[in-house]
Amino acid sequence: MVMALIQESFFLPPLDFSSSQTWKSCRCPACSCWITSFFPWFGLDIGGTLVKLVYFEPKDITAEEEEEEVENLKSIRKYLTSNVAYGSTGIRDVHLELKDLTLCGRKGNLHFIRFPTHDMPAFIQMGSEKHFSSLHTTLCATGGGAYKFEQDFLTMGDLELCKLDELDCLVKGVLYIDSVGFNGHSECYYFENPTDPERCQKLPFNLENPYPLLLVNIGSGVSILAAYSKDNYKRVTGTSLGGGTFFGLCCLLTGCSTFEEALEMASHGDSTKVDKLVRDIYGGDYERFGLPGWAVASSFGNMMSKEKRESVSKEDLARATLITITNNIGSIARMCALNENINRVVFVGNFLRINTISMRLLAYALDYWSKGQLKALFLEHEGYFGAVGALLGLLDSA
Amino acid sequence: MLAYYSTVQHKVARVRSFDHSGKDIDNEPLYEISVQEEITARLHFIKFENTYIETCLDFIKDHLVNTETKVIKATGGGAYKFKDLIEKKLGLKVDKEDVMTCLIKGCNFVLRNIPHEVFAYQKDSDTEFRFQTNHPNIFPYLLVNIGSGVSIVKVESEDKFEWIGGSSIGGGTFWGLGALLTKTKKFDELLQLASKGQHTNVDMLVKDVYGGAYQTLGLSGNLIASSFGKSTTADKEFSKEDMAKSLLHMISNDIGQLACLHAKLHNLDKIYFGGFFIRGHPVTMRTITYSINFFSKGEVQALFLRHEGYLGAIGAFLKGAEQDNPNQYSWGENYAGSSGLMSTSPDVYPMQRTRSGTFDMLEMDRLERPLVNLPLLKDPSTYIPDTVDLTDDAMARKYWLTCFEEALDGVAKRAAASQPDSVDAQERAEKFRQKYWNKLQTLRQQPFAYGTLTVRSLLDTREHCLNEFNFPDPYSKVKQKENGIALKCFQSVIESLDSLGWEERQFALVKGLLAGNVFDWGAKAVSDVLESEPQFGFEEAKSKLQGKGRSLDLDLDGPPHKCALIFADNSGIDIILGVFPFVRELLSRGTEVILACNSGPALNDVTYSESLIVTERIAAMDPVIHSALRDEKLLLVQTGSSSPCLDLSRLDQGLAVLVRERQTDLVVIEGMGRAIHTNYYAVLRCESLKLAVIKNSWLADRLGGKIFSVIFKYEVPCK
Numbered sequence: 001m002v003m004a005l006i007q008e009s010f011f012l013p014p015l016d017f018s019s020s021q022t023w024k025s026c027r028c029p030a031c032s033c034w035i036t037s038f039f040p041w042f043g044l045d046i047g048g049t050l051v052k053l054v055y056f057e058p059k060d061i062t063a064e065e066e067e068e069e070v071e072n073l074k075s076i077r078k079y080l081t082s083n084v085a086y087g088s089t090g091i092r093d094v095h096l097e098l099k100d101l102t103l104c105g106r107k108g109n110l111h112f113i114r115f116p117t118h119d120m121p122a123f124i125q126m127g128s129e130k131h132f133s134s135l136h137t138t139l140c141a142t143g144g145g146a147y148k149f150e151q152d153f154l155t156m157g158d159l160e161l162c163k164l165d166e167l168d169c170l171v172k173g174v175l176y177i178d179s180v181g182f183n184g185h186s187e188c189y190y191f192e193n194p195t196d197p198e199r200c201q202k203l204p205f206n207l208e209n210p211y212p213l214l215l216v217n218i219g220s221g222v223s224i225l226a227a228y229s230k231d232n233y234k235r236v237t238g239t240s241l242g243g244g245t246f247f248g249l250c251c252l253l254t255g256c257s258t259f260e261e262a263l264e265m266a267s268h269g270d271s272t273k274v275d276k277l278v279r280d281i282y283g284g285d286y287e288r289f290g291l292p293g294w295a296v297a298s299s300f301g302n303m304m305s306k307e308k309r310e311s312v313s314k315e316d317l318a319r320a321t322l323i324t325i326t327n328n329i330g331s332i333a334r335m336c337a338l339n340e341n342i343n344r345v346v347f348v349g350n351f352l353r354i355n356t357i358s359m360r361l362l363a364y365a366l367d368y369w370s371k372g373q374l375k376a377l378f379l380e381h382e383g384y385f386g387a388v389g390a391l392l393g394l395l396d397s398a
Numbered sequence: 001m002l003a004y005y006s007t008v009q010h011k012v013a014r015v016r017s018f019d020h021s022g023k024d025i026d027n028e029p030l031y032e033i034s035v036q037e038e039i040t041a042r043l044h045f046i047k048f049e050n051t052y053i054e055t056c057l058d059f060i061k062d063h064l065v066n067t068e069t070k071v072i073k074a075t076g077g078g079a080y081k082f083k084d085l086i087e088k089k090l091g092l093k094v095d096k097e098d099v100m101t102c103l104i105k106g107c108n109f110v111l112r113n114i115p116h117e118v119f120a121y122q123k124d125s126d127t128e129f130r131f132q133t134n135h136p137n138i139f140p141y142l143l144v145n146i147g148s149g150v151s152i153v154k155v156e157s158e159d160k161f162e163w164i165g166g167s168s169i170g171g172g173t174f175w176g177l178g179a180l181l182t183k184t185k186k187f188d189e190l191l192q193l194a195s196k197g198q199h200t201n202v203d204m205l206v207k208d209v210y211g212g213a214y215q216t217l218g219l220s221g222n223l224i225a226s227s228f229g230k231s232t233t234a235d236k237e238f239s240k241e242d243m244a245k246s247l248l249h250m251i252s253n254d255i256g257q258l259a260c261l262h263a264k265l266h267n268l269d270k271i272y273f274g275g276f277f278i279r280g281h282p283v284t285m286r287t288i289t290y291s292i293n294f295f296s297k298g299e300v301q302a303l304f305l306r307h308e309g310y311l312g313a314i315g316a317f318l319k320g321a322e323q324d325n326p327n328q329y330s331w332g333e334n335y336a337g338s339s340g341l342m343s344t345s346p347d348v349y350p351m352q353r354t355r356s357g358t359f360d361m362l363e364m365d366r367l368e369r370p371l372v373n374l375p376l377l378k379d380p381s382t383y384i385p386d387t388v389d390l391t392d393d394a395m396a397r398k399y400w401l402t403c404f405e406e407a408l409d410g411v412a413k414r415a416a417a418s419q420p421d422s423v424d425a426q427e428r429a430e431k432f433r434q435k436y437w438n439k440l441q442t443l444r445q446q447p448f449a450y451g452t453l454t455v456r457s458l459l460d461t462r463e464h465c466l467n468e469f470n471f472p473d474p475y476s477k478v479k480q481k482e483n484g485i486a487l488k489c490f491q492s493v494i495e496s497l498d499s500l501g502w503e504e505r506q507f508a509l510v511k512g513l514l515a516g517n518v519f520d521w522g523a524k525a526v527s528d529v530l531e532s533e534p535q536f537g538f539e540e541a542k543s544k545l546q547g548k549g550r551s552l553d554l555d556l557d558g559p560p561h562k563c564a565l566i567f568a569d570n571s572g573i574d575i576i577l578g579v580f581p582f583v584r585e586l587l588s589r590g591t592e593v594i595l596a597c598n599s600g601p602a603l604n605d606v607t608y609s610e611s612l613i614v615t616e617r618i619a620a621m622d623p624v625i626h627s628a629l630r631d632e633k634l635l636l637v638q639t640g641s642s643s644p645c646l647d648l649s650r651l652d653q654g655l656a657v658l659v660r661e662r663q664t665d666l667v668v669i670e671g672m673g674r675a676i677h678t679n680y681y682a683v684l685r686c687e688s689l690k691l692a693v694i695k696n697s698w699l700a701d702r703l704g705g706k707i708f709s710v711i712f713k714y715e716v717p718c719k
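Chains A and B are the protein sequences, given in the same order.
At position 326 of the first sequence the residue is numbered 326 (my numbering), and the sequence of numbers has no breaks.
At position 667 of the second sequence the residue is numbered 667 (my numbering), and the sequence of numbers has no breaks.
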């Protein structure tokens, strides 16, 4: 079957059948490019701010294979697996590495790498220098950047991208990673007693029967999907108030320059100096509407006053920005869950990376405002599901 | 923002029948006209900036003299802040009321009592504000109040409402965050910045993420993917305008999205927006409207209220006045005392902006009796009284505004002349002239200031202004004289009609009805003739009518109607020689007649109290009318209105009850004001006859005829 396909496609380079490389080839149903899944196996998710790259490192390479492995391929493998940082901005999230995974009959480790989208040209340049195109593999990519950089890949890197649908990749990625688990631990978790800071703790959650599920992906912006079964899911809505908004506003308000810096500042700030709370207006709870005094009545509401503007710190402002964006996402997610009649909400996306404040707040807000009806769930691999889905797309379609 | 209730004394013209027994009535006027002081309940709402509180309190103090107010109701943040000052200055106790309860009470009140209260915002339209017809059932609705935060309230009935959600991202966020980002302190200035900015420099758009290829995804490339997504860098400067614009979009979109999610969950398709974020700011109305359209895919409508800024105060007042039960009454906006809706762009009319900075007012007069829909309206929810929307039709607007301007000197002169014994009549007439002139100028610039601009609203505003300066009925003496003259001709007209054969008589009756309608002092073309030719009479009027009368479509040949409702127009020849012979004919055929006249004076229109006297006189001469009155086959009612036009959705409850009881199956609407300027397109559930003489050459031209052309519109409802 595979043979027939390849013979028809005379324009493909001749194959070296002596090699025992794993390869598959077929037409991609989505963008009808040719998919040839020779090693290396990559999955790319090119977002508005970050590029997420997953790389499958085969660990079952026989001596014979190793010997025949082309130099380029070997050098890529070595480069990726022996470093934890690439250039000045690329980072491998070592703690997320999935070990001893079996994919398409091959055993290996799955690596998770990210770098800023604005370094995409440098990445393509590197691929070109390392003669990536000579490996005859297909790069499966998702996210808006798959479209934006398609031409650059072609002209600069001589590489044809296989563009995959974001929703498909995201859902596929979530379900796959959850099913294989996190090196023996649960991928999915939740916060027990989210409304009680003393007793609040992170506990594993079994997502074996995931449907129906609301999937909230918080990247630069936010996408909200409702999944009813493996093949039945839709985009419900989205909001432009996402991770990019938090970071963008923090840069303007505090002069910070990295997401980590912004989060660090936020962790030391006090948002109640910036926000106007219900109790600031009503002296306590607003009983007529059942609003607790601690609830935020107006985000940045105190900043209408000149004196208060002059008395807040950058940390307070960063914290308020984080709380504002997080509460808003929680609120929109809750309304979508109600409208879709779904009570489990999974939050993913890189906004949640090293961002316990937001995760706990989401857990708390969903629980509090739904009177315990809604449950906020989180996944360890936060922002990588799209990239995982793209990798699976590469292997599945063949 | 303060509200108070006052009883206003103003002069009202009263007519009273003389006792004519044993006197020579030929040289006596028909009835006596006296001017009396009448007390009307009036609601005053004054909106002002907090800096002007002292001025405002002084103003109220001056106007509170005659009232027995002991307690003043206050709501909002200022209620706490200024409690002491208000108590000291006015010597009144301040009661603080729950903000949201007040807001909703106020909202229900304006939705029920002010026609053209609600409007939708249209971005790329000549008329940015599209006023809505009041739906008879205002519930349920969603109220989204955008103050410093956002409250989303579902209102199900007068007393039942529920806070269903909210958001902390509101006006305070725009203001507070905006002040931090742009160092601009004032809310208005921030909005000005925003209206000049380019959000695409700050926001990450879909096309920024997807490159040029977004079209293939069916997404619009201009959608915002991430608000402030381009400002994720420490080393780039962004302009104040661009940041303000981005912030405005972010907040408006977010509110719109949440509002739509709530509307969807509760299955509602109307959302009223209010709060200081919205208040008179076209910029925010536009972004909110856009957002609602986008997120609801056009299924939900974003609506705004003309008196949005007054809702809290109205509600606080109503709560305080619960023992007087203001909700059992109908109220009408007094155009003379109310400042209109503020201008669309702060840049275009800085003058008005400044004025609004001091204070804005709304006055509502309590009407004697509740107003309801005419039960015969085919669809009250789509009924629009007015024929031409002058907010929409710029040509017509120009014409009519000029027309009213040109007629103004004459109206003022007549007003002064109507009170020859008053020493200050000249002065008051001049004040009236000045006030109405200013209203017309406001309307030239902001046609939507009082809702949809129509000939009716122009006429009503003039009446309100006349009342304001104590000219309750400038035409009272003219009407008195004309009624007297016409009565003297009544019998001969009847005799000549009776001498005709059936068919001729029907034709003559209708011609008489139309000829009578020529006598309209409201029409400049007519008043010019009447001023210059005092001898101009019924026969002359008949000869003025344009064109040959067609054979009548009106089915007076078939079985008689059960009951006819006739809305009369002018005093004198119109009612006495035109309408009454027609009434008499109907009565002879066994049709009962309800004759509806205005409750209060407007131009030379016959009022209810005048109609009582006139009818009494006719009954004394005519046995048919006499027995009909006695047997209650002829009923005189008041419309509840003091307008030269007619709003069939706001009629006296008594009239509506009678119409239902008597199973009215024919409605006759007479006159330009009632049958052309309004109700020309009104659809009724029974047969109707709309007739008028076009006494305005421009209008005649527009309708494709000549001046003194006849409109005779007989409609049978489709089964």
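Some hints here could point you the wrong way.
Some, not all, of what chain A presents toward chain B, calculated at C-beta under 10 Å [said to hold, decoys possible]:
| # | residue |
| --- | --- |
| 1 | I281 |
| 2 | F289 |
| 3 | N339 |
| 4 | N343 |
Derived lysine to any residue pairs resembling SDA-like cross-links, with alpha carbons at most 20 Å apart [what the hints assert, rightly or not]:
| # | chain 1 | residue 1 | chain 2 | residue 2 |
| --- | --- | --- | --- | --- |
| 5 | B | K83 | A | Y282 |
| 6 | A | K314 | B | T233 |
| 7 | B | K160 | A | L291 |
| 8 | B | K96 | A | K314 |
| 9 | A | K234 | B | S220 |
| 10 | B | K154 | A | S305 |
| 11 | B | K96 | A | Y233 |
| 12 | B | K154 | A | W369 |
| 13 | B | K185 | A | Y282 |
| 14 | B | K183 | A | S311 |
| 15 | B | K186 | A | T62 |
| 16 | A | K371 | B | F238 |
| 17 | B | K270 | A | K314 |
| 18 | B | K185 | A | R235 |
| 19 | A | K314 | B | K154 |
| 20 | B | K96 | A | F289 |
| 21 | B | K297 | A | S311 |
| 22 | A | K371 | B | D188 |
| 23 | B | K264 | A | G238 |
| 24 | A | K306 | B | S339 |
| 25 | B | K264 | A | Y282 |
Hints were generated in silico from the structure; no laboratory data involved.
For glycine and all other residues, C-beta sits at the position ideal for the given N, C-alpha and C.
Discussion item. For K264 (chain B) and G238 (chain A), compute the direct alpha-carbon distance and say whether it is at most 20 Å.
Written reply: This hinted pair holds, its Cα atoms lying about 16 Å apart.
Worksheet entry | Interface hint compliance - N339 (chain A) to chain B, C-beta minimum distance less than 10 Å | 5 Å, holds
Practice prompt. Take the C-alpha atoms of K154 (chain B) and S305 (chain A), compute the straight-line distance between them, and say whether it is at most 20 Å.
Written response: With a Cα-Cα distance of about 31 Å, the restraint between K154 (chain B) and S305 (chain A) is violated, given a limit of 20 Å.
Worksheet item: Is the hinted pair K234 (chain A) and S220 (chain B) satisfied, with a Cα-Cα distance of at most 20 Å?
Response: 18 Å, holds
Worksheet item: When you check the alpha-carbon spacing of K371 (chain A) and F238 (chain B), does it fall within 20 Å?
Response: 42 Å, violated
Fill in: Pair hint outcome, K185 (chain B) versus R235 (chain A) [Cα-Cα no greater than 20 Å]
With a Cα-Cα distance of about 40 Å, the restraint between K185 (chain B) and R235 (chain A) is violated, given a limit of 20 Å.
Worksheet entry | 20 Å Cα cutoff - pair K96 (chain B), F289 (chain A) | Status holds; Cα separation ~17 Å.
Discussion item. What's the verdict on K314 (chain A) and T233 (chain B), does the C-alpha distance respect the 20 Å limit or exceed it?
Written reply: Roughly 16 Å separates the two Cα atoms, so the pair holds.
Worksheet item: Hint check: is the beta carbon of I281 (chain A) less than 10 Å from a beta carbon of chain B?
Response: 7 Å, holds
Worksheet item: Taking only the CA atoms, is the gap from K314 (chain A) to K154 (chain B) under or equal to 20 Å?
Response: 38 Å, violated
Discussion item. K83 (chain B) and Y282 (chain A) were given as a pair; does the straight-line alpha-carbon distance stay at or below 20 Å?
Written reply: Judged against 20 Å, a Cα distance of about 16 Å means the pair holds.
Item to complete: Sort out whether S311 (chain A) lies within 20 Å of K183 (chain B), counting only the CA atoms.
Response: At roughly 15 Å apart (the allowed maximum being 20 Å), S311 (chain A) and K183 (chain B) satisfy the hint.
Hints 4, 8, 10, 11, 13, 15, 16, 17, 18, 19, 21, 22, 24 and 25, counting from the list given before, are not met by this structure.
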